[in-house]
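Trainee: Given next are the chains, with one letter for each unit.
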Amino acid sequence: MTAARLVPPPTKGHLSVARLSRFWYVACRSSELGRTPLRRTLLGVPLVLFRARDKVGALLDRCPHRNVPLSLGRVVGGELQCKYHGWEFDCSGRCTKVPGLEGEVERDRRVPACAVREQDGFVWVWPELDAQPTREPFGVPQVESDAGYATVVREVSARASLHATLENALDVPHTAFLHRGLFRGGARNEIRARLKRRRDMVEIEYLGEPRPEGLAGRLLSPSGGTVEHWDRFFLPSIAQVEYRLGPETHFRVTAFGSPVSDFETKLFAVAQFRTRLPARLVKLVLQPAALRIFAQDARILGAQTDNITRFGGEQFMNTELDLMGPAMWRLLKQAESGDDGAGAPDAFEIEKEIRFWA
Amino acid sequence: MTAARLVPPPTKGHLSVARLSRFWYVACRSSELGRTPLRRTLLGVPLVLFRARDKVGALLDRCPHRNVPLSLGRVVGGELQCKYHGWEFDCSGRCTKVPGLEGEVERDRRVPACAVREQDGFVWVWPELDAQPTREPFGVPQVESDAGYATVVREVSARASLHATLENALDVPHTAFLHRGLFRGGARNEIRARLKRRRDMVEIEYLGEPRPEGLAGRLLSPSGGTVEHWDRFFLPSIAQVEYRLGPETHFRVTAFGSPVSDFETKLFAVAQFRTRLPARLVKLVLQPAALRIFAQDARILGAQTDNITRFGGEQFMNTELDLMGPAMWRLLKQAESGDDGAGAPDAFEIEKEIRFWA
Amino acid sequence: MTAARLVPPPTKGHLSVARLSRFWYVACRSSELGRTPLRRTLLGVPLVLFRARDKVGALLDRCPHRNVPLSLGRVVGGELQCKYHGWEFDCSGRCTKVPGLEGEVERDRRVPACAVREQDGFVWVWPELDAQPTREPFGVPQVESDAGYATVVREVSARASLHATLENALDVPHTAFLHRGLFRGGARNEIRARLKRRRDMVEIEYLGEPRPEGLAGRLLSPSGGTVEHWDRFFLPSIAQVEYRLGPETHFRVTAFGSPVSDFETKLFAVAQFRTRLPARLVKLVLQPAALRIFAQDARILGAQTDNITRFGGEQFMNTELDLMGPAMWRLLKQAESGDDGAGAPDAFEIEKEIRFWA
Chain A
1 MTAARLVPPP TKGHLSVARL SRFWYVACRS SELGRTPLRR TLLGVPLVLF RARDKVGALL
61 DRCPHRNVPL SLGRVVGGEL QCKYHGWEFD CSGRCTKVPG LEGEVERDRR VPACAVREQD
121 GFVWVWPELD AQPTREPFGV PQVESDAGYA TVVREVSARA SLHATLENAL DVPHTAFLHR
181 GLFRGGARNE IRARLKRRRD MVEIEYLGEP RPEGLAGRLL SPSGGTVEHW DRFFLPSIAQ
241 VEYRLGPETH FRVTAFGSPV SDFETKLFAV AQFRTRLPAR LVKLVLQPAA LRIFAQDARI
301 LGAQTDNITR FGGEQFMNTE LDLMGPAMWR LLKQAESGDD GAGAPDAFEI EKEIRFWA
Chain B
1001 MTAARLVPPP TKGHLSVARL SRFWYVACRS SELGRTPLRR TLLGVPLVLF RARDKVGALL
1061 DRCPHRNVPL SLGRVVGGEL QCKYHGWEFD CSGRCTKVPG LEGEVERDRR VPACAVREQD
1121 GFVWVWPELD AQPTREPFGV PQVESDAGYA TVVREVSARA SLHATLENAL DVPHTAFLHR
1181 GLFRGGARNE IRARLKRRRD MVEIEYLGEP RPEGLAGRLL SPSGGTVEHW DRFFLPSIAQ
1241 VEYRLGPETH FRVTAFGSPV SDFETKLFAV AQFRTRLPAR LVKLVLQPAA LRIFAQDARI
1301 LGAQTDNITR FGGEQFMNTE LDLMGPAMWR LLKQAESGDD GAGAPDAFEI EKEIRFWA
Chain C
2001 MTAARLVPPP TKGHLSVARL SRFWYVACRS SELGRTPLRR TLLGVPLVLF RARDKVGALL
2061 DRCPHRNVPL SLGRVVGGEL QCKYHGWEFD CSGRCTKVPG LEGEVERDRR VPACAVREQD
2121 GFVWVWPELD AQPTREPFGV PQVESDAGYA TVVREVSARA SLHATLENAL DVPHTAFLHR
2181 GLFRGGARNE IRARLKRRRD MVEIEYLGEP RPEGLAGRLL SPSGGTVEHW DRFFLPSIAQ
2241 VEYRLGPETH FRVTAFGSPV SDFETKLFAV AQFRTRLPAR LVKLVLQPAA LRIFAQDARI
2301 LGAQTDNITR FGGEQFMNTE LDLMGPAMWR LLKQAESGDD GAGAPDAFEI EKEIRFWA
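Protein chains in written order, with this note's numbering: chain A, 1 to 358; chain B, 1001 to 1358; chain C, 2001 to 2358.
Keep in mind the hints are simulated off the structure, nothing from the lab. Some hints here could point you the wrong way.
The list that follows gives simulated cross-link-like pairs (lysine-lysine, DSSO-like), each with its CA atoms no further than 30 Å apart [unchecked claim]: (1) B:1097 x A:97; (2) C:2097 x A:352; (3) B:1333 x B:1196; (4) C:2196 x C:2352; (5) A:196 x C:2352; (6) B:1352 x A:196; (7) C:2055 x B:1097; (8) C:2196 x B:1097.
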C-alpha cells in the first residue's frame, strides 16, 4: 500500500523444514494410551490413536460423516465410536456401524488410517495415510541386561522445526553459553571432531575431549579420565549422544524426534547409563539438571522460531564449527527427494575433520 | 517452500456457508436495547443499534468522519452522537450535526443504514444496507391465549455456520449419542420420516415415534401415548420443532438463526408449551436440561468448525438418514442465486419417505 | 467460495501509514538503557539496544549465526554477546569473536547496525540500516533556566498509526466530546484558526480562544485572560502544543512519536511549564488528568484501528475543521517520496484561515 517500507536486509526466504512422511515416528508412549482415545498431530495432520482390545488404531481425526474429531469419541468393544452420531470404526478405518441403518450393507464408508507398531514402550506411526510401511521402526539400542544399566524415558517439546531441535540436541559449541554453569566451561582444550556419514546417518566423534567440567562432569567421572564421545543423527529424526569415560561409565541418550507441525517438535528421549555410582543417585542429580538444560534449549529454540517468522525466513551463517546441522540437512533433503537411505548402506566414510577450542 | 508435504486426503474445499442479505434476521431482543447503543454483527458486517425516542436505528458501525465505532457513542435526543468528535446521526443515517460547523448546510454526510422492525419482542434487521425490504419478518406463531400456554425465550450461540447450527437443531439421529442419558435412548423402534417441501420451507413428519425415553419423555408425557412430531426449516434461518402427545401436551420451539459471521451463529429460541403439569414445574425441570443439551451441541459444533478450518473445507458423507441438512442446503443455495421463495408458494409436496431405527 | 457476500460499502483501501526510515526517532529514554540489552522495534524492524562502555549500539536483533534475538544476550566488555553460541559484536555490528575459532581472522561476519545519538535524555536511532544520517535529531526546545520552568517526561503508547496518533494529539475539536468534563466545554466561542506551513512543519495558531473551561483551565489561568495557542507538527513525527496565558503562564508539550509498527505508536512527551502556582502543585493536579485524557485517546485510537482493519482500509470524511490531519499527511507523503524538508527552508506561508465554534 505504501512504498519505501523499511525492511530488514533480505533473507533467503529459506526454512529448514523437511516433511518426510514415509518414515516411522513416535506418536506417544504406550503408557499414555489407555481407554481414552488420544489426539496426536504428526507432520500437521491430526490423528486419533485408540486401543481396541489388543490392537492400536491410528486414524485421520475426522469423522467422514460430519467431520467432527473422532478423538472426542469413545472405544466401544473393538471400535472407535464417534461422539456426534455414533458411527463406529475399526482399527483399519472401516466404518462398521451407522446407528439407524442397522440392516444395511456397509459400503465404502471409511476413514483413512495409518500403520502402527507398538515397540520399546512407544506407539510408532507411519504418517502416510493408507500406505504400507517399507521398513520397521528404529529400535532402541539394547544394553546388556546384567550390566547394571538404568533407563530413564522423558518427553519434551520445542516450538521449533525438527531440524532446529535436533541440531540443538547435537550441538556442542552452545553448551558453554546457553547452559553456562550447568554444563562445560572452565579451561579450554583443543578438540578434534571427525565427521563420518552413511546414506542414512551422520556420526561425529570427538577426540581429545577432557572430562566435562561442572556438575555433570564431576558426576559422570569422579576420577577424571579420557572421554569417548559420539553424536549421531539417524534419518528421519533420531539424535543420539553417547559418552564413555573409562571402562565403567557409559551414557547414551537416544532422542526420537516427532514433527508435530513445521515449527513444533516433540522429543521422546531414552537415556541409558551405567556408572560407578548408584543409578538412583545419578537420576536424583542429573534429572533436574537435564530438565533445566532442556528448558533453556526450548526457550532459545522458540525465540529462534519467532525471529525466523518475523523476518520471513532464515538467514544462517555457518562456520566450520557447524558440523552436524548442515550434514543433517543434506540427508533430510536427500530423503525428501526420494532417497530414504534404505537398501544396502553405503560405506561409512570420514568426510571431514576439524579442530576447535572448547 | 518444501515439497512432499504430508496432507490429509483432499477435501472438496466446500463450505456450507450461505450469505443471504435480502432477508430479515433477529439482531437482538427488544429488552436488550435500552439507552445504550449496542454493537451487533450480522453476516460479518458490524452494525450499531440504538433506540431514539420511539424509533430504532441500525447503522453501519463506523463514523464516516474518522471511522471509529458509533457504538461507543450515546443517544442525544433523537440522534446517535459519535464519541470522538460528537457528530450526530438520525435513524436513517443522515448526519444532522457536526459540532463547530453549526451554521453549515448539511450535505451528503451520512452513514449507511439498515431497515428495522420491532416485533414479537425482537429487533429485526434487514442487513442489506440502504435497501427497501421486500417482505415482512417471520412472525412467531400464535397460540390460543386462553389455552394455558407458557412461553420461554432464550438466546444461545455456536461457533459454527448457520447451516451447521440449524442442521444440528433439527437433527434426530444425534440425540441418542451426543445427549446420551438426557434425551432418547432405550428400546429402539422403527420410525418413518416423511419429507415435504415448498419453495421456502422443508418439513419432516415423524411417524411411529414412541414417547421419548429418558427424563424429557417422562415429563412430556407421563402416561405415554402416541407422538406427533414435526421438524421444520423456513428460509433463511428458522428452525422449528413441534411435538404433540395426546390432546393435552403440545411443545413448539421456534429458533430464529442470526448469522453473526460465516462461522458464528446465534439462535433466538421461543419455546411455547402446554402440558398437564404446571408450567412452572416444567420450566424448572426442562430448562437446565435444555441448556445442557445446547452446551453439548455448541461444543460439538465448535469442534466441527475447528476441524473444517484445519482441513481447509468440509468433506461430508451423507446417508439416507441425513434428510434435513441437504434439503436445507438446497433451499439456501436457491435463495443465494435469487430465488427467495417469495411469491405464490408452490405446492407442498411429499418428496421422500425413509425408515430408520431410533 | 460463495457469492453474494454482504459487504460494507467499498472503502478506498487507503491507510494513512507512512514509513519514513531516513529520519531520527526516539527509541527509548536514556535512563531505561542500563546493563541489560533492550529490544525495541522501529518501523516494524526489531532492534537490540545496548550500552557498551561509553557508547550505545543499535543492531538488528538477529544473530547472523542462528538468527536468535541478540537482545537475549548480555554485554561483555565492550561487546554484545549472543546467548546461544557466544558470538560477540561491537557497536558497529562487527563480529569480534566466535568462541572455538579463536585463532581465525574475522571476515565479513557482521550484523546490520543503526546510527545512534544520545541527546536530551533520549536514545535516538536512525532506523535505516548501515546508513549515514543526513542531519541531527530534533532538539528539545530550551527554556530559560532561571525562569522557574518545570519539566515532566512521560512515555505513552497507542495501538494506532503514527499519523492517527499525532492527528489526535493535535486535534482541538474532539476534546469537548472524548474528554467531556476533563477539558473544554461550557459556553462556545467563535475561534479563528490560521494554518501556516513550511516544507518540514505545519503550525496552526488559534485566535480568539477563551481561557479553557474545566479543571485544566482554572489551573492554567486562575484569573482568566487571553490565550495564545499554537499546535505544531514537525517532520517526521513530532507534535507540539504551546499555550501562553498572560505574561506568567507558559505551557509547551513536545511529543516525539516513535512508529513501532504500522499500527503501534509510542509518544515520548516532554512537558515544560511555568505558572504562578508551585510546579509541584501543578504536577499533582495535571498529571492524573493528562494520563486519563491519554487513556481515553488511546482507547478511541485502538477502536479506530480495529474498525479500519475490519473494514479493510479507511474511508475518512474531512470537513474544514480537519486542518492538521490532512496537512500532516501531505508532508508525510512528500517526505516518503524523497522530499524530507531538509535544505533551505522555504517561506513560512499562511495557507488557510477558518472560523469555528468551540
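Trainee: Now tell me, hint by hint, if it's right for this structure.
Mentor: Hints versus structure:
Our distance criterion of 30 Å between C-alpha atoms is broken by residue 1097 (chain B) and residue 97 (chain A), whose separation comes to about 67 Å. The straight-line distance between the Cα atoms of residue 2097 (chain C) and residue 352 (chain A) is roughly 23 Å, inside the 30 Å bound, and the hint therefore holds. With a C-alpha separation of about 18 Å, the suggested pair residue 1333 (chain B) and residue 1196 (chain B) falls inside the 30 Å cut-off, and the hint holds. Pair hint residue 2196 (chain C) plus residue 2352 (chain C) holds up; C-alpha atoms about 7 Å apart against a cutoff of 30 Å.
For the suggested pair residue 196 (chain A) and residue 2352 (chain C), the alpha carbons sit about 78 Å apart, so the restraint of at most 30 Å is broken. Distance check on the hinted pair: residue 1352 (chain B) and residue 196 (chain A) sit about 71 Å apart at the alpha-carbon level, beyond 30 Å; violated. Annotation: proposed proximity of residue 2055 (chain C) to residue 1097 (chain B) is violated, straight-line Cα distance about 56 Å (limit 30 Å). Taking the CA atoms of residue 2196 (chain C) and residue 1097 (chain B), the gap is near 28 Å; set against the 30 Å cutoff, the hint holds.
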